[in-house]
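A.B. asks: The residues making up each chain are set out below.
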Amino acid sequence: MAYREKIAWLSLIAMAVAYGPYFRFVGRGPGSWEPLPHLHPLGLFATVSIVRMLILGAGYLYLRLGSPREDRPPRDEWDRAIEHRSVSAAYYVLMAGMIVVGCFMPFSSTGWTIVNAAIFWIVAAEVVHYSVVVASYRVQASS
Amino acid sequence: MKGSISNRIRMLRFMNGEMSQAELGQRIGLTRQTIAAIEAGKYSPSLEAAFRIAQVFKVPLGEVFQWDAKATPLKAS
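Those protein sequences? They're chains Y and X, same order as listed. Okay, so the first sequence: first residue is 3 according to my numbering, each after it adds one. Okay, so the second sequence: first residue is 41 according to my numbering, each after it adds one.
Derived by calculation from the structure, the hints in this document are not laboratory data. There may be inaccurate statements among the hints.
As the list claims (entries may be wrong) - Restraint-style ranges between C-beta atoms, simulated for each label pair:
1. Lys42(X) - Arg74(Y): 34 to 42 Å
2. Gly104(Y) - Arg92(X): 41 to 49 Å
3. Gly69(X) - Thr112(Y): 51 to 59 Å
4. Gly69(X) - Leu44(Y): 40 to 48 Å
5. Lys42(X) - Met3(Y): 31 to 39 Å
6. Gly102(X) - Phe25(Y): 53 to 61 Å
Just so you know, these numbers come straight off a predicted model, no measurement behind them. We treat Cβ as the ideally placed atom computed from N, Cα and C, and that holds for glycine.
Bound-form chain Y, shown alone:
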């Protein structure tokens, strides 16, 4: 497995572990989340983000120490092509999400519901980004 594919898997796992429980929790409904400013949700989001960063940090360290230098070559044109494709796909997801959050949700929702929806679409764009990276390297590996 290519080093950059491992990094992409790590990022996906970190997001699943951190944001999966977060969105399951906030998805229960607005409840005590409303109205703004209500700082408990912000604290929860900060905790989740720190957990994600810790997982990423530990994972990077593990992968870096576990991979010899020749397994971590500098990015070449194919890596850049994959990156370009994945970022393009994520961009469209992010744009669609921001249109929903910015143009439609203000008519039906308020406060933390909108904030969490925005966070959700950012995370969704990241998931698409890393999924496309993984899929691109997998296509080559299965050939």
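For chain Y, the structure is supplied; the task is to place chain X on it using the hints.
C.D. replies: Below, chain X without anything else, positioned relative to chain Y:
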């Protein structure tokens, strides 16, 4: 749109002392995975990389890559 690029890199590697994908990649500044992707037709290299590959094998570009106008293209980057 029909048409795809095929290549003879596998055969040229064989004819050059079974050169490994890693060695070819190292000589032209690409990774082994990228050479594998090019060889399998999953990725069309830049013109510069294509010329470098031909230069390594000391053959004209047309002997490394061919254009097949009737073929259905593989999913490529």
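A.B. asks: Would you mind marking each hint as holding or not holding in the structure?
C.D. replies: These are the hints, each one checked on the structure:
Between Lys42(X) and Arg74(Y) the C-beta distance comes to about 39 Å, which sits within the given range of 34 to 42 Å. In this structure, Gly104(Y) and Arg92(X) meet the distance hint of 41 to 49 Å, their C-beta atoms being roughly 47 Å apart. The given range of 51 to 59 Å is respected by Gly69(X) and Thr112(Y), whose C-beta atoms sit roughly 54 Å from each other. Between Gly69(X) and Leu44(Y), the C-beta spacing of about 47 Å keeps the proposed range 40 to 48 Å intact.
Distance hint check for Lys42(X) and Met3(Y): the Cβ-Cβ separation is about 33 Å, which falls inside the suggested range of 31 to 39 Å. Against the hinted window of 53 to 61 Å, the Cβ-Cβ separation of Gly102(X) and Phe25(Y) comes to about 54 Å, which satisfies the hint.
The structure fails none of the hints (numbered hints given earlier).
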